[in-house]
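There are 2 protein chains.
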Amino acid sequence: MPKNNQTTDPSFPWTGCGSDADLAGCRFSLYPLNDDYKAIILGSLAKVDLSKVWAGTDALSTVYRGRLSQVFDCLSAVFVGAYRPGLHACLEAQTSLGCPGDDDADRPAATDDVPVNRPTLGQAAFPVKAKLALYPLGIADYLPPIAEAFRLAEKVGLNPRIVHYATRVEGPVLEVFDYLGSVSAMAKGRSGHHVLTFTVSVGSPTQE
Amino acid sequence: MPKNNQTTDPSFPWTGCGSDADLAGCRFSLYPLNDDYKAIILGSLAKVDLSKVWAGTDALSTVYRGRLSQVFDCLSAVFVGAYRPGLHACLEAQTSLGCPGDDDADRPAATDDVPVNRPTLGQAAFPVKAKLALYPLGIADYLPPIAEAFRLAEKVGLNPRIVHYATRVEGPVLEVFDYLGSVSAMAKGRSGHHVLTFTVSVGSPTQE
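Line by line, the protein sequences are chains A and B.
Count along the first sequence from 1, then add 38; that gives the number in my numbering.
Count along the second sequence from 1, then add 38; that gives the number in my numbering.
So here's chain A without its partners, still in its complex pose (with noise of 0.2 Å):
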């Protein structure tokens, strides 16, 4: 049987592959800017709870792997571990559901959403500014869940704004982490694979 979102052309160069696991996936890097930086996203990574997820870094970035809402708490996890008070440090992050050249392997035995690092967290609510661009794949009608991405920016109190190729949000850190996995999470029921882009920066000295 072929899977659900199996590919078979023989001129793909993932021919073959294809899940049906309902797993979610983020390929993110860190950036804290300054000498130390090593050191902080090797420390905040060691942080993060990975009993949820499968893990996995190579020399441009790290992929976790899992449903959305651990995925989440982990890339948050992750953010929150970096922070220092005036750091300027930033998190770039593709989150991915339903790409046609998936497939079963690196995946987690976790299948429930208690999330398992959010209660380590604390209080975190440190401003931060975000990016975000949201992108219905395999549709012809792709905008309305675009939209959609914008209105609960507004609907939660993040002040969104559109700018060129994104949406601008700003508000405490995990709320800004919510908010980006409630779009993966609307835009999943819209398309069968969907791709969010975002970027989330704390303490940059640009003034604007």
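Treat each hint with caution, since some may be false.
In the SDA-like style, the derived pairs of lysine to any residue whose C-alpha atoms are separated by at most 20 Å in a straight line are [claimed, not checked]:
1. Lys76/A to Ala223/B
2. Lys226/A to Asp60/A
3. Lys76/A to Arg122/B
4. Lys76/B to Gln245/A
5. Lys76/B to Lys226/A
6. Lys76/B to Asp73/A
7. Lys76/B to Leu98/B
These aren't lab readings, by the way, just hints derived from the structure by calculation.
Start from chain A and add chain B according to the hints.
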């Protein structure tokens, strides 16, 4: 007359936008991983000849808009301008063509493809690692251009590999930027709107 890709749905926050201009754009952030990041970013941006693009900077990123070739000419100049032996630096970028939220403002007068920065970059050929993800939007059959981007990397000798949610490539810096520009040029003919996201990295201390 409505513009070519004009949005008229009043529920969209960008309603009324749209553009007939043959305009590419790129939103990008440069991350030099050291204490001197501000001077490196500002110095690199200041060295770029912007006479053939429109440019704008906010707290999260810089945007260049113009002809596709000119946008990539400037982008490669930003990255080469930030290069110092031993420095780990990354460029995170999102290029877009045909966005229905686009408008006719914020564009340069230049309409030719003669590069103004490339002649100043000398023989820059330091090795970089990059990842890219192409998102052709608004079409059901969006996988063929993605496969074509992979084959194009094989053809130009950048050693592509499929990884979770992206394609990895590696090679001399200007060859990688030329390749990324050619991916966007190829995708332009395949759907009305596409986005190409990519990361170019130099000097990562991570061993693979």
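Which numbered hints turn out to be false for this structure? 1 and 5
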